[in-house]
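Asks: Respectively, the protein sequence lines represent chains A and B. At position 54 of the first sequence (counting the first as 1) the number is 103 in our numbering, and the numbers step up by one without a gap. At position 88 of the second sequence (counting the first as 1) the number is 93 in our numbering, and the numbers step up by one without a gap.
This list has only true hints and no planted wrong ones.
Partial pick of chain B residues on the chain A-facing surface, computed with a CB cut under 10 Å:
{"hint": "1", "residue": "Val16"}
{"hint": "2", "residue": "Ala27"}
{"hint": "3", "residue": "Tyr34"}
{"hint": "4", "residue": "Pro37"}
{"hint": "5", "residue": "Arg38"}
{"hint": "6", "residue": "Ala46"}
Derived pair list, reagent style SDA-like, types lysine to any residue, alpha-carbon separation capped at 25 Å:
{"hint": "7", "chain 1": "B", "residue 1": "Lys126", "chain 2": "B", "residue 2": "Thr169"}
{"hint": "8", "chain 1": "B", "residue 1": "Lys129", "chain 2": "B", "residue 2": "Thr166"}
{"hint": "9", "chain 1": "B", "residue 1": "Lys126", "chain 2": "A", "residue 2": "Val89"}
{"hint": "10", "chain 1": "B", "residue 1": "Lys126", "chain 2": "A", "residue 2": "Gly212"}
{"hint": "11", "chain 1": "B", "residue 1": "Lys126", "chain 2": "B", "residue 2": "Gly89"}
{"hint": "12", "chain 1": "B", "residue 1": "Lys129", "chain 2": "A", "residue 2": "Gly152"}
{"hint": "13", "chain 1": "B", "residue 1": "Lys8", "chain 2": "A", "residue 2": "Val120"}
{"hint": "14", "chain 1": "A", "residue 1": "Lys174", "chain 2": "B", "residue 2": "Val16"}
{"hint": "15", "chain 1": "A", "residue 1": "Lys63", "chain 2": "A", "residue 2": "Arg250"}
{"hint": "16", "chain 1": "B", "residue 1": "Lys126", "chain 2": "B", "residue 2": "Glu116"}
{"hint": "17", "chain 1": "B", "residue 1": "Lys129", "chain 2": "A", "residue 2": "Phe215"}
Calculated from the model, a selection of chain B residues having no Cβ within reach of chain A, i.e. all distances over 12 Å:
{"hint": "18", "residue": "Arg76"}
{"hint": "19", "residue": "Leu139"}
{"hint": "20", "residue": "Lys149"}
No lab work stands behind these hints: they were computed from the structure. The beta-carbon is built from N, C-alpha and C at its ideal position, and this holds for glycine as well.
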Amino acid sequence: MPRQPVPLRQEFLKGLWDENPTLVQVLGMCPTLAVTNSIVNGFAMAMATGFVLICSNVVVSLVRKLIPNQVRMGAYMIIIAAFVTIADMVLAAQYPDISRALGPYVPLIVVNCIILGRAEAFASKNGVGRSLLDALGNSCGFLVSLLVLGTVRELIGTGGLFGHVFWGETVHPWLVMILPAGAFLTLGSAMGLINHLVARREAA
Amino acid sequence: MMKTIIRLVIVLGLTSMVAAAALAEVYTYTQPRIARHRQEALERAIFTVLPGVTSYRDTAVAGRTIYAGYRDGALAGYAVPAAGGGFQGTIGLMCGLSAHADTMVGLTVLESVETPGLGDKITKGPFIRQFAGLNVAGDASYVKNRRPNTPLAPGQIDAITGATISSAAVTRIINGVLADIRPALTAEEVR
Numbered sequence: 050m051p052r053q054p055v056p057l058r059q060e061f062l063k064g065l066w067d068e069n070p071t072l073v074q075v076l077g078m079c080p081t082l083a084v085t086n087s088i089v090n091g092f093a094m095a096m097a098t099g100f101v102l103i104c105s106n107v108v109v110s111l112v113r114k115l116i117p118n119q120v121r122m123g124a125y126m127i128i129i130a131a132f133v134t135i136a137d138m139v140l141a142a143q144y145p146d147i148s149r150a151l152g153p154y155v156p157l158i159v160v161n162c163i164i165l166g167r168a169e170a171f172a173s174k175n176g177v178g179r180s181l182l183d184a185l186g187n188s189c190g191f192l193v194s195l196l197v198l199g200t201v202r203e204l205i206g207t208g209g210l211f212g213h214v215f216w217g218e219t220v221h222p223w224l225v226m227i228l229p230a231g232a233f234l235t236l237g238s239a240m241g242l243i244n245h246l247v248a249r250r251e252a253a
Numbered sequence: 006m007m008k009t010i011i012r013l014v015i016v017l018g019l020t021s022m023v024a025a026a027a028l029a030e031v032y033t034y035t036q037p038r039i040a041r042h043r044q045e046a047l048e049r050a051i052f053t054v055l056p057g058v059t060s061y062r063d064t065a066v067a068g069r070t071i072y073a074g075y076r077d078g079a080l081a082g083y084a085v086p087a088a089g090g091g092f093q094g095t096i097g098l099m100c101g102l103s104a105h106a107d108t109m110v111g112l113t114v115l116e117s118v119e120t121p122g123l124g125d126k127i128t129k130g131p132f133i134r135q136f137a138g139l140n141v142a143g144d145a146s147y148v149k150n151r152r153p154n155t156p157l158a159p160g161q162i163d164a165i166t167g168a169t170i171s172s173a174a175v176t177r178i179i180n181g182v183l184a185d186i187r188p189a190l191t192a193e194e195v196r
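Pulled out of the complex, with its shape left as it was, chain A reads as follows (with noise of 0.2 Å):
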């Protein structure tokens, strides 16, 4: 591996919390905020992100010395589009149910910037054995994260999980935190914590 002192472990455990993409990094905020109303949708969202994420990220450190600097973009957005398309058609033809509820953000995992992001940064230098630690350290961190606003918003929104209500009539269900405003509630409020706990580690 050419100048990276970094250990193999690190390469997967920053993308968990030091980095985690959408808590940290704020990426990928669109299918964050759009489809963690329950906790199924954050997982199946994360599932088909992060199998674009580690096949992207091989296959562009695989082929990184082969593209020209110039079109690198171009070449890495034809290698995603591709996976997407790929995930949108299983994704409609396994799990049909999953696959409307997710609607248009499969498709728009295209345009998610942790999988650019990733590719760019991170694939495009490094080898493939380290593009794949990477790929799957940033896959749990929005899976982490998605699962935790899929639960919170699920909870607190219907009164249940996975569809089935714990305490029934007896606690009315906050409808705002399955609706767009209780995504920024929660998304805030997550970060927030990070940021919190993050500044209480350096003080100390």
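Given chain A, work out where chain B should sit, using these hints.
Replies: Coordinates of chain B only, in the frame set by chain A:
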């Protein structure tokens, strides 16, 4: 200079070709499944809005594809797909009509992005059930704030509190499609 351009063209061309080949492969695998899911959803909707129907056939009426439902070989009604604007996006409906096209026998919402908790009540039982047996010889209409002992006029439904636009959209979509097909259905019954 020329050499660089040719190199760029070749690289992008090859990338596109590989991507296209991969997509073609996935497409041939997924397309039949996607088509089958669509067909299953359509049949489920038809049998929901035409209770008791055992078979159906598609027919073209006034330039629309509608589905004539049969019970024991006799025409039992029509399932009519319709769509139009709701509060936030398209509402897609499947309307069940009696054989004389003057009464609705069922309704189901195929597609809707109405507000959760308010407008999305148009997809739920209490609202949907109002359409079974609704007189649609004339236009359907909705009423707001009806007092409990005031009867509904023929063709009238109760709108959902807080979702008047969604409720009105459903009656408007139904009236629109019925205005299109009613003349053809009552003039010469498609059997």
